[in-house]
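The listed protein sequences derive, respectively, from chains E and U.
Heads up: the first sequence is residues 0 to 241, going by numbering that gives the first Met the number 0.
Heads up: the second sequence is residues 0 to 299, going by numbering that gives the first Met the number 0.
Keep in mind the hints are simulated off the structure, nothing from the lab.
You may find that some hints are simply not true.
[Claimed, not checked] Pairs of lysine-lysine, DSBU-like flavour, derived with a Cα cap of 35 Å:
{"#": "1", "chain 1": "E", "residue 1": "Lys160", "chain 2": "E", "residue 2": "Lys32"}
{"#": "2", "chain 1": "U", "residue 1": "Lys35", "chain 2": "E", "residue 2": "Lys160"}
{"#": "3", "chain 1": "E", "residue 1": "Lys113", "chain 2": "E", "residue 2": "Lys201"}
{"#": "4", "chain 1": "E", "residue 1": "Lys201", "chain 2": "E", "residue 2": "Lys24"}
{"#": "5", "chain 1": "E", "residue 1": "Lys24", "chain 2": "U", "residue 2": "Lys35"}
{"#": "6", "chain 1": "U", "residue 1": "Lys165", "chain 2": "E", "residue 2": "Lys113"}
{"#": "7", "chain 1": "E", "residue 1": "Lys160", "chain 2": "E", "residue 2": "Lys113"}
{"#": "8", "chain 1": "E", "residue 1": "Lys160", "chain 2": "E", "residue 2": "Lys24"}
{"#": "9", "chain 1": "U", "residue 1": "Lys165", "chain 2": "E", "residue 2": "Lys187"}
{"#": "10", "chain 1": "E", "residue 1": "Lys113", "chain 2": "U", "residue 2": "Lys35"}
{"#": "11", "chain 1": "E", "residue 1": "Lys113", "chain 2": "E", "residue 2": "Lys177"}
{"#": "12", "chain 1": "E", "residue 1": "Lys5", "chain 2": "E", "residue 2": "Lys32"}
{"#": "13", "chain 1": "U", "residue 1": "Lys35", "chain 2": "E", "residue 2": "Lys177"}
{"#": "14", "chain 1": "E", "residue 1": "Lys160", "chain 2": "E", "residue 2": "Lys187"}
{"#": "15", "chain 1": "E", "residue 1": "Lys201", "chain 2": "E", "residue 2": "Lys5"}
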Amino acid sequence: MSDPSKALFSVQNLEVRFGAVRALKGISLHVNKGEVVALLGANGAGKSTTLRSISGLSRPSSGDIFFAGQSISRVSSSQIVRLGIAHSPEGRRLFGSLTVAENLRLGSCTRTDKAGIIADTERMFALFPILRERHFQLAGTLSGGEQQQLALARALMAAPKLLLLDEPSLGVAPLLIKYIFAALTELKRQGMTMLLVEQNIKLALQLADRAYVLRTGAVALSGSSEELLSDDRVAQAYLGAA
Amino acid sequence: MSGFEYILQQVINAVSLGSLYALVAVGLSIVFGVLKLTNFAHGDVMMVGAFTTVLLIGVGVPFIPALFGGIIASAIAGFLIERIAYRPVRNAPDVTRLLTSLAVTYILENVGILIFTSSPHNFPLPDSLNESWQLMGGAITFTNINILTLALTLLSLVGLGWFITKTTLGLGMRAASEDMSAAQLVGLDVNRLIVVAFIVASAFAGLAGVLWAAQAGVVQPQMGFTPLLKAFVAAIIGGFGSISGALVGGFMLGALEILIVAFLPDAITPYRDAIVFSLLIAFLLFRPGGLMQPNREIKL
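Chain U on its own, in the form it takes in the complex (with noise of 0.2 Å):
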């Protein structure tokens, strides 16, 4: 294998976990932006949604159709936590959210431990998408299911960005992100945007915990864990609350992790996340606001 071939074939791998870290990144940028509040729930609404298209292709439901099942589970989800959980203590102080957060985050865990056993299950993706493509004589492989997760990526990425610069609904949700009062007092209803948001960010983390789960091959109560804390990140080297920084931050930090795999002496390869989490300190430290809002303060 030449070297070039060997960096495309890299670049391909960046991009692939990259385009996973953006989904879920977007979705906690999103509800980060309205509510201010850092949702840990997000990595167990992506295992609603994972379980839920192993549940569809159990009983007979083709691959893409189950995908859908699978995210329309994830936005129901995420409405119910929304108004079960969050409403209630939306004007209460941050120390009671972030605990409301994390509570959720135990109860969908635990109830899916009780459901489903805390082993890993088999995600049963179809032979069709396991299929790989060799290129340069075998040089670069890539599979069909790393296609079908670049393809879906930017095909809901392209949809976020229409939704919120042509729409007076995506447009409100960033206005309410920048200004709650200032939304409130051109007449947007508040409440109806954080139901959107919540609905379009739990979407997204239905969509990335299939892929996940189909990248993975194995779907477990806790596999969203992993994922939130990276998607965590990647919003806070972008800039959390912002949609474009999310997405920026969570292609960087593929690209930063198949870097130090592929590229940096096997020797370090085991502190991979040990630095990804050291950038995470520094930005919070140095950088608060992320690449795209340098001056702007945050709170978490």
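So that you can see chain E by itself, here it is in the shape it has in the complex (with noise of 0.2 Å):
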């Protein structure tokens, strides 16, 4: 493992409270530059409220964010989209009553290179065919599938240096969550940053470099995937066991 002061993205000691709850508990992590990282864990451990304060929207009680090489934990949402990572939230979250081309300019809606905004829609469009089909399209008229792969389309309209990914294969179909992971493996294959909370812990180990397990807000385990696949505390962070 590479030196966490030297990666492109950490947290260290993260502790983010709800009220009296310690939602987490000190957690720290890092990225380095074209690397995928995984985060597992049971529901509640503690994942999605990692990516939500990394990208602003929960805010740390004590703690640090560092992206390349700066502190972002009191930067702003936009702010930090601008400084270059991209979030594809849980459950989706699309803006259902615009169509799919709007949902992909408000994706690159930080941007100013005109040029690049035509050319990384064209890039969505190789990389995910059917939403060129579905272009005009209202996007909460799509399946599951198909607006997941607008999302993931929309956080890389930002043009991210590292992309946040939350259950891409949530409500996904199977045959199509096969098609998105072979997607996300030719994004890592163009040395694409990505930090990845899944449930499905084979589909995430195969395509991450190295995982953090995550139990009740803390970091319980971590490790390279192919020692994390054969570990058997992985599976028992899953059943909530202590």
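Starting from two chains that each stand alone, build the complex the way the hints lay out.
Below is the structure:
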């Protein structure tokens, strides 16, 4: 494992409270440039809270978040996107009354390079051809799998240096899950850095280089994907056993 | 007067009234969309626009520039209300925000009364706009201000339609109405969107206020109350927070009111407002998402 202080992205002793509840009890993790890191754990372990605080939607009560050498724990959400962190949220959270094209356009709202936006839109259509067909359809009328592709494409339209993915397989038909993970593998091959939250451990560890396993708001285990695939404690973490 | 001409006259009246309701309702819906707040001060923002126009005409400014002066004054008022009153309580509980909105209403109205007294002032509409047109041998009458109202309503609605479908800011406003945190995640600057929403909504209130006063012939500090309540009904009918819903609701309400007054027995006419507000209650009970979003739940 490399030196965390030189990583593209790192979280240090992050603590997030919701009232009296400590949702995150001081977690530390890092992601190197070009790496795919998975964040695993049972429901309520704090995976989504971690991603939400990285994006500035939940503020840490202590600890810090660094991206490209800069602390971002007090930076606004829109500025965080501008710095290069895009977030494809749990449940997709598309703008259902807007068209596919309008969703993609809003994905690029932090950018001003018109030529780059057009080129990236074409890249998205190449990666997810169904989006070209559904271009003028309202996002709310797409199937679960199509919506997930649009959510990914919307996040990618920000031209991120780090992509946060929250449950890309949730509510997606099995055949399309394969398709989406093939697209993610292609993105990885192109050098995209990703932090992935995923319930499907096997899929996540096949894609990821490394992973952290969270249990009740703390890092219980971490290691390379190969190590974790053969570690019984990963499955135990999911069962919520102490 | 034949039956057909009578009906045609009533259609003109309904469109004229409906367009005013629609203008006010659209503004209410824009603010509700992004803030989930019923902005009771919206009616007072109308008053600001109307009084500004009256003052400008009083110092010799022609009607149309004075109208734009009123719209700008309303937009500035909306901007200041958001900054001074609503922003500090943005994340407060709903009751706090609702009370803030009522407080702003009382403050604006009473400032209005202090400056202008509560008695009605004459709206100095130029004679050219009061000129009336008669069609079909005098059976159908409408004035230039009727035509201007309809023209400006259509123009501003087309402009709004362009804004919310073609510009990133307008699309962002719709996106934020639907899902505020998703809007933040794509990098939209939410503060900026809310400010823009208030400015646009208040400009609509200003336009509606001036046209309302011009048609009524009078201005007074409490003038915003009735149109606000009616627009609220219109917005609920259409689906609160939906801009197209507010439009449909506004024109429907205008048509309904004219229908009650023009076609039902005279004995029923005094109950016009009672019927309208019963309709509001019925919608809130049985179809709270309105006509456009039947499955949506709303919280006022």
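To see whether the hints hold, each was checked on the structure:
1. Lys160(E) / Lys32(E): 8 Å, holds
2. Lys35(U) / Lys160(E): The hint holds at about 34 Å.
3. Lys113(E) / Lys201(E): With a Cα-Cα distance of about 39 Å, the restraint between Lys113(E) and Lys201(E) is violated, given a limit of 35 Å.
4. Lys201(E) / Lys24(E): 26 Å, holds
5. Lys24(E) / Lys35(U): Distance of about 33 Å is within 35 Å: holds.
6. Lys165(U) / Lys113(E): 15 Å, holds
7. Lys160(E) / Lys113(E): 19 Å, holds
8. Lys160(E) / Lys24(E): Holds: Lys160(E) and Lys24(E) sit about 27 Å apart, inside 35 Å.
9. Lys165(U) / Lys187(E): Given pair Lys165(U), Lys187(E) holds - Cα atoms ~34 Å apart, limit 35 Å.
10. Lys113(E) / Lys35(U): 33 Å, holds
11. Lys113(E) / Lys177(E): The hint holds at about 33 Å.
12. Lys5(E) / Lys32(E): 10 Å, holds
13. Lys35(U) / Lys177(E): 39 Å, violated
14. Lys160(E) / Lys187(E): 12 Å, holds
15. Lys201(E) / Lys5(E): Since the Cα atoms of Lys201(E) and Lys5(E) sit roughly 29 Å apart, the hinted pair holds (cutoff 35 Å).
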